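Start from the sequences and build out the full structure, keeping to the hints where you can.
Sequence lines, in order, name chains A and B.
Each residue of the first sequence is one higher than the last, beginning at 192 in this note's numbering.
Each residue of the second sequence is one higher than the last, beginning at 29 in this note's numbering.
Calculated directly from the structure, the hints in this document are not laboratory data.
Small disclaimer: the values here were computed from a predicted structure and weren't measured.
For glycine and all other residues, C-beta sits at the position ideal for the given N, C-alpha and C.
Fair warning: there could be bad hints in the mix.
Unchecked claim - Quick look at which bits of chain A chain B covers, simulated, 3 or more residues with Cβ under 8 Å:
{"id": "1", "stretch": "251 to 261"}
{"id": "2", "stretch": "290 to 296"}
Said to hold, decoys possible - Sample of chain B residues lacking proximity to chain A, with all beta carbon distances greater than 12 Å (derived):
{"id": "3", "residue": "Val47"}
{"id": "4", "residue": "Glu56"}
{"id": "5", "residue": "Ala121"}
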Amino acid sequence: DAKTTQPNSMESNEEEPVHLPCNHSTISGTDYIHWYRQLPSQGPEYVIHGLTSNVNNRMASLAIAEDRKSSTLILHRATLRDAAVYYCILKTSYDKVIFGPGTSLSVIP
Amino acid sequence: DTGVSQNPRHKITKRGQNVTFRCDPISEHNRLYWYRQTLGQGPEFLTYFQNEAQLEKSRLLSDRFSAERPKGSFSTLEIQRTEQGDSAMYLCASLPKARLNTEAFFGQGTRLTVV
Chain A
192 DAKTTQPNSM ESNEEEPVHL PCNHSTISGT DYIHWYRQLP SQGPEYVIHG
242 LTSNVNNRMA SLAIAEDRKS STLILHRATL RDAAVYYCIL KTSYDKVIFG
292 PGTSLSVIP
Chain B
29 DTGVSQNPRH KITKRGQNVT FRCDPISEHN RLYWYRQTLG QGPEFLTYFQ
79 NEAQLEKSRL LSDRFSAERP KGSFSTLEIQ RTEQGDSAMY LCASLPKARL
129 NTEAFFGQGT RLTVV
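Structure follows, in structure tokens:
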């Protein structure tokens, strides 16, 4: 399985933007970049995914480097509800989701 | 609420007892996955069903573990002769028929504590 590297933890102030980095230097041409997050005591939930172009949805934005070896999940205004573990995952179209340890995001009021 | 239901939410059992968990996926979803998550770790894949067929099993799924999905609807995960190391959150996820990069929908999990 292709691997990703994320910081173990990050902090953000409430109402400020958060940039969560992910390195995936061994990404293959068929790998999509997916992000999931897991709130405390909840199952993971899908956030966003992309292949080459930057993507936006109601939850977040995904910025993908031109060489696709890294990406950044952007939360435009962090709220206390965004405190969660964020997982960056590489998968081909029909693969199962394989999780790493993720980044634990703390949001400071 | 993702539409994936897991029961029970919590289970405390004595070592050596058998336990069974249930997952009800979103009704039109034909793919179903089980994961196990221990404290501070990401979820680990256990097994995968497409309709009623169990197509993939992780090496983590020892012979004490068995999963079924009769008629391709709900699924059960049974652990026989539980051990303290089985204490974890057990998560279920469902996806619709294979199409390009659809998202996985996870249940809230069943937290198992073996005492």
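Exercise. Can the stretch 290 to 296 of chain A be counted as covered by chain B under the rule of three residues or more with Cβ-Cβ separation shorter than 8 Å?
Worked result: Contact hint for the stretch 290 to 296 of chain A vs chain B: holds, 4 residues under 8 Å.
For this session: Establish whether the coverage given for the stretch 251 to 261 of chain A by chain B is satisfied; the threshold is a Cβ-Cβ distance below 8 Å, and no fewer than three residues must meet it.
Result: Coverage by chain B is violated for the stretch 251 to 261 of chain A (0 residues, Cβ < 8 Å).
Exercise. Going by Cβ atoms, does Val47 (chain B) stay more than 12 Å from chain A at every point?
Worked result: At about 19 Å from chain A, Val47 (chain B) clears the 12 Å cut-off, so the statement holds.
Exercise. Once the closest CB in chain A is found, is it more than 12 Å from Ala121 (chain B)?
Worked result: 7 Å, violated
Exercise. Beyond 12 Å from chain A, beta-carbon-wise, is Glu56 (chain B)?
Worked result: For Glu56 (chain B), whose nearest Cβ neighbour in chain A is about 17 Å away, the distance exceeds 12 Å, so it holds.
Hint compliance for this structure: hints 1, 5 are not met, and every other hint is.
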